[in-house]
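There are 2 protein chains.
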Amino acid sequence: MKIGLDVLGGDYAPGSNVEGAIQAQKLLDEAHRIVLFGDEKATRADIEKAGADPSKFDYVHAPENISMHEHPTKAISHKPNSSIAKGFELLKKGEIDSFSSAGNTGAMLVGSMFSIKTIPGVIRPAIATNVPKLKEGFGVLLDVGANADCKPEMLNQFAILGSIYAEHVYGIASPRVGLLNIGEEEEKGNNLTIATYPLLKENNKINFIGNAEGRDLFSDHADVVVCDGYTGNVVLKLAESFYVVTLKKGFEDSFFARFNYEQYGGSPILGVNAPVIIGHGISTPKAIRNMILLSRDMIASKFIERIKSAFN
Amino acid sequence: MKIGLDVLGGDYAPGSNVEGAIQAQKLLDEAHRIVLFGDEKATRADIEKAGADPSKFDYVHAPENISMHEHPTKAISHKPNSSIAKGFELLKKGEIDSFSSAGNTGAMLVGSMFSIKTIPGVIRPAIATNVPKLKEGFGVLLDVGANADCKPEMLNQFAILGSIYAEHVYGIASPRVGLLNIGEEEEKGNNLTIATYPLLKENNKINFIGNAEGRDLFSDHADVVVCDGYTGNVVLKLAESFYVVTLKKGFEDSFFARFNYEQYGGSPILGVNAPVIIGHGISTPKAIRNMILLSRDMIASKFIERIKSAFN
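Chains Y and F supply the protein sequences, listed in that same order. Last residue of the first sequence? That's 312 in the numbering used here, and every number before it is there in order. Last residue of the second sequence? That's 312 in the numbering used here, and every number before it is there in order.
It should be emphasised that the hints constitute simulated quantities derived from the structure, not laboratory data.
Identical copies go unnamed one by one, so any copy, or any two together, can satisfy a pair.
Computed cross-link-like contacts, DSBU-like style, restricted to lysine-lysine with a CA-CA straight-line distance of at most 35 angstroms:
no.: 1; residue 1: Lys79; residue 2: Lys93
no.: 2; residue 1: Lys133; residue 2: Lys201
no.: 3; residue 1: Lys188; residue 2: Lys93
no.: 4; residue 1: Lys79; residue 2: Lys188
So that you can see chain Y by itself, here it is in the shape it has in the complex (with noise of 0.2 angstroms):
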């Protein structure tokens, strides 16, 4: 298993990715190999100055870094020798079975669509993000962004990939799927979430539960919630601004701390040919360590293949 890590994308890169990779190597099996991608001597060095051991990774030569605020479709074909361009590359030969990057999103989402493309059967992959439970561990919210507008057909497919990913990376036994909506009941909604509702119902590849209103997001109601890109954007950043307010007021608690994008490392884009995660931009050593794990994870659950059967 080859995990391929972006070491120059990130508020705090390379730094930040080259510790947190360290701290990952030493809980991956031996036949698990990190992929850096990145300045590969300037890399080897600072393992070397961070007391590891640059043996135990693999390296491929791409010095060049894909800024936040770059024109992402412009950036990947501008910048071939750009670590996010690269790690696409290597992931469409095959080379390499995952990659990662607290980089540019857009440039992410790009590569995945136009490189390692969209699997048979999904119309448009859906970014999932993790949610925290009140009681205990955490649910899957999709689509957080990847698609401001959506058609039923699409969120009928997101609850299918948010499934299998709740299934199978995070052993969630016949996940519990929820509707974003604004009522209990099937009439209740927007066009989008009333056109939707009767798919999700007589969709047999899920466990459907109805409505999840925004009250349910953290309760028990749902191990899936599904929604449109723009509503799953606006929700995820009210989020985590109000666990930036818990921290600021000094308000720890194991709940509030679930927010934490570090417990979970990255949101996985979900519905194309690879596992391909997007760190948070202020990624912290621990975020890129969980963020190469949750890639171990998704390689090793065969979370393609179950989607690409499912939609076969």
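Model the placement of chain F on the given structure of chain Y, informed by the hints.
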């Protein structure tokens, strides 16, 4: 000034409503009368039992109640002697200056739109809610549920409705208006927000400051945040659930305390020909009291006249 209040609507009615009305009456000028819609004899008895003077209130005998789960349109037409139907009847005739209820939200919306009607020029009314600001005070978020699907022109009008409300009822000078969106840049968003942005930019009746992301809602970024009613309702219920969590966890804080709907009493329906306020189903006496005081402030600020002249 005659302030109409539904005595029968809400989970804790009539006790909570009567108690709230008694509290509010003590804070009103002599010229301000609270008009109570419910069973007149029972209401008078309740007021006396609570140790207050029934002659300080006006009464409209409306003994029927529209319950939370009744179909709004049917209930209003089939129950002409219900407190909500009577309230709108008198509001339309100008015999009361405002009407508020913690009862069936749908019936309040139907009454607003089909009885007192939308102000000429306003495409659709919107429900506004208070949003606590981290630093101090409140902002305004709308629409939070009246219109699950919106057109750009509607959002552009919500911006005007929200601005006038924030300025004249809450005393925020030149309120900053933000468009709830998923990025800072003008070109970001879904079809609706992308089409709405230029309208807001060119709208010289408002102080538009650009996009507001989910994370900006509680910051000092904008005073009025505009969105479609689906998104607003999801955001509102999510925020409420956070507040409930902080309560359960025993986190006391002045910011979180401002999430308590009791603090502001209710959510006005903006864009109709009279002040109408919807209270929370679980309205306590304090919430009812503040809903009455908000009614007074809406009447006193000549809010309706200001909206009319803005849409003239």
